[in-house]
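Student: These are the residues of each chain, in order.
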Amino acid sequence: MSSPDSSLAEQAKAGDLEAMNQLVAEHHAAITRLLWRFARSHADLEDLVQETFLRMVRGLPAWRPQQPFAHWLQRIATNTGRDYFRRNRIRDRWQAPLPSADDAATATQPEAVEPGGDPAARAAAEEVKHLLARLAPDDAALLTLHHLEGWSLVDIAAQYGWTVTATKLRAWRARRQLRALYLSVTPS
Amino acid sequence: MNTPPDPGDSRWDDLLARARKDQPAPLDLAALQRSVSLEARRLASARRAEAPDWTALLPFRSLVSSCLAGTCAFTLIASWQVWQWWQVMPWAQWVVASSGGAP
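Protein chains in written order, with this note's numbering: chain X, 1 to 188; chain C, 1001 to 1103.
Chain C extracted, bound-state conformation (with noise of 0.2 Å):
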């Protein structure tokens, strides 16, 4: 595949070689700067919120108070299938018999 020829002719080229020398006047470097930290820091600012979000998300007391009524729960509904199996075993029967009583 042939590359056509750059626009024009010779005043194509010509055009080219006078854009190519065109140089920006200088920024304020300072001002970039400024805004570069500016924006650093807000970053920063932003990645230190996120951990108190999630400790909002999950607060200490309904933590602890949430972890108590699970715990209360489950010994309450483990203690009751236990009694129930209990009386079913082969063997209760024989520590009924040496204890006495029940179990």
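Bound-form chain X, shown alone (with noise of 0.2 Å):
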């Protein structure tokens, strides 16, 4: 029996534009969730929704009933904040240098025009996000499901093809990484 998100799926596939509105409408909310985790920014995470929901449109005809439609969208959206840092690493390169650990404690500070709700754990995110962005892109997209979802290495590796073996030394190496970076900006 097939779920309703593949009858939608189908129908989207076959070109009907009402079902794919009505698949974005169902599914928009969980992957901005996602790639919040992901985004600098309220209007990158708009680029990276949309981009999302467009990958969305152009695989389509690749989807394949027997693959439950959200899963298949979950691993858009990783790949999409993987390439999201991918591309944020690169251009960080070549436009400017990496701020310093002096700078860090100042760019955590969230913009001022930013919506959000509570201001403490934006300032959070906006803190670990800034760690996050010095690791290599992968790990920095391995913590960022691990610690900010909670996904589990298994679940990361099977997101992003990896194997467990893999998965659980690049997360090691990262935390370490990540913990030598977090102490070099945190006063003890």
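Honestly, the hints are just simulated from the structure, not real lab data.
Using N, Cα and C, we set each Cβ at its ideal position, and we do this for glycine too.
Worth double-checking, as some hints may not be accurate.
DEER-style ranges, computed between Cβ atoms [as the list claims (entries may be wrong)]:
| hint | chain 1 | residue 1 | chain 2 | residue 2 | range |
| --- | --- | --- | --- | --- | --- |
| 1 | C | A1017 | X | A136 | 21 to 27 Å |
| 2 | X | L169 | C | D1028 | 37 to 43 Å |
| 3 | C | S1010 | X | S152 | 20 to 26 Å |
| 4 | X | P61 | C | Q1081 | 22 to 28 Å |
| 5 | X | A62 | C | W1085 | 54 to 60 Å |
| 6 | C | A1017 | X | I90 | 31 to 37 Å |
| 7 | C | S1037 | X | V164 | 36 to 42 Å |
| 8 | X | N79 | C | K1021 | 23 to 29 Å |
| 9 | X | A62 | C | S1010 | 45 to 51 Å |
Every beta carbon over 10 Å from chain C, so not counted as near; a handful from chain X, in silico [what the hints assert, rightly or not]:
| hint | residue |
| --- | --- |
| 10 | S3 |
| 11 | E10 |
| 12 | R64 |
| 13 | Q74 |
| 14 | R75 |
| 15 | W94 |
| 16 | R134 |
| 17 | V154 |
| 18 | D155 |
Both chains are given apart, each in its own frame, so use the hints to dock them into the complex.
Tutor: Pasting the structure below:
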């Protein structure tokens, strides 16, 4: 028996715009929450969510009903987030040097124009994101999902097509590096 | 292999706990749906445009005239070959004799 998502996705695959819009309406909140963990700003978040759904539209011909639609879309979103980290890394490398440890404390202040709820939560999220942004893009994506979304390493390995052993090793190294970064910016 | 503890100490755990509570502001769903619909329409029209491109590559008139020219050339060469081989066939003389002339 096919899920409502699957039948909607089948209709969208056949070119039904109404079904496509319904899929967007049903999934955009979850995708937005997930990609907010990756995005540096609200404008970036809008771009990432839009990019995810545009990739969904382009990829629908390849989607198979045997695949749960929500998982398939979630994979697109995590790949979009990882690509965003990679682009940012390249842009940062060419545009300006990475901020020094001293800059980190001031950079963690949330922007005044950013809409949001709890300012303390926003400030904490900014601080964590700022630290993660200084890791290699794949490491940052891994720890973003692990620390901020609470995903297990096994789930992350499955999501990115890595082996579990490689993922654990990568996580171990990334956390060690993150620890050093955190200690360097945090007064003891 | 031991996993190193999370960075720092309990402050890091507190930081993460607070960071997880951070929620994004809602996005403009209508604008998102508009961009998705636009992309879907663009893709659909691009797919439809592929078929006329193929017919442009092989226009009907050129196709017919090419086939006619090919058929004529094939018939000409085949007839000449048949005429060449006909004369050396062992039974050609019998046909010539019975028909009273050239085949």
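Student: The structure should be examined with respect to each hint, and the outcome stated for every one.
Tutor: Going through the hints against the structure:
1. C/A1017 - X/A136: 21 to 27 Å: holds (25 Å)
2. X/L169 - C/D1028: 37 to 43 Å: holds (41 Å)
3. C/S1010 - X/S152: 20 to 26 Å: holds (22 Å)
4. X/P61 - C/Q1081: 22 to 28 Å: violated (51 Å)
5. X/A62 - C/W1085: 54 to 60 Å: Distance hint for X/A62, C/W1085 holds at roughly 57 Å.
6. C/A1017 - X/I90: 31 to 37 Å: With a Cβ separation near 32 Å, C/A1017 and X/I90 satisfy 31 to 37 Å, so the hint holds.
7. C/S1037 - X/V164: 36 to 42 Å: Holds, since C/S1037 and X/V164 (Cβ atoms, about 40 Å apart) stay within the stated range.
8. X/N79 - C/K1021: 23 to 29 Å: Holds - the Cβ-Cβ distance for X/N79 and C/K1021, about 26 Å, lies within 23 to 29 Å.
9. X/A62 - C/S1010: 45 to 51 Å: holds (46 Å)
10. S3: Since the minimum Cβ distance to chain C is about 21 Å, X/S3 lies beyond 10 Å and the statement holds.
11. E10: Its Cβ never comes within 10 Å of chain C, the nearest being 15 Å, so this holds.
12. R64: X/R64 is indeed farther than 10 Å from all Cβ atoms of chain C, at 19 Å.
13. Q74: holds (16 Å)
14. R75: Check passes; 18 Å lies beyond 10 Å.
15. W94: Holds, since 28 Å exceeds 10 Å.
16. R134: holds (12 Å)
17. V154: X/V154 is indeed farther than 10 Å from all Cβ atoms of chain C, at 14 Å.
18. D155: holds (16 Å)
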